[in-house]
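*Asks:* Sequence:
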Amino acid sequence: MKRQKSFAETLAEVKAMPPRARDVRPGEYNADGDLFDPAGTLLTRAKASITTADARALVADGALLAAEGCGCGGSSGCEIDWIADDDRAKLRDTSGPVLAGRRRTPTWIDLWEGAGSVVVFAHGDVRWGGMLG
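Taking the numbering used here, the leading residue of the sequence shown gets 2, the next gets one more, and so forth.
Fair warning: there could be bad hints in the mix.
What the hints assert, rightly or not - The list that follows gives simulated cross-link-like pairs (lysine to aspartate or glutamate, EDC-like), each with its CA atoms no further than 20 Å apart:
hint, residue 1, residue 2
1, 16, 29
2, 48, 35
3, 3, 29
4, 48, 62
5, 91, 62
6, 91, 55
7, 48, 94
8, 48, 111
9, 48, 29
10, 48, 69
11, 16, 69
The hints are simulated quantities; they were obtained by calculation from the structure and are not laboratory data.
Just so it is clear, the structure is predicted and the values come from calculations on it, not from any experiment.
Could you build all of it, start to finish, from the sequences and the hints given here?
*Replies:* Have a look at this one:
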């Protein structure tokens, strides 16, 4: 009769398995909660909250700009809007961003980074130059 594997043996086998491939979803979150920029670069949250002045400076320096208007953080099935390069350039000549928060929506701006990519992510009721909010 064949001996049944112990829990420790089974655990060792599972740990020895190669990691599964990451589901890259450009411009979206995947099922594991990983966020990717439009080029497919994996991002991690660098700062949970940044000031509007920091957001403005980062975008002026070339950071990508993403937005979601419901205040869910972007991972609850809403669509993330990625502001185009030419539109980001126009924001340099506007005031803002402004954390309006008028719709009783959770509203904040956070910072994401990964492999040369910097992303300013506006959540909720953020208004900026007529392109957000």
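*Asks:* Quick check: which numbered hints come out false for this structure?
*Replies:* 1, 3, 7, 11
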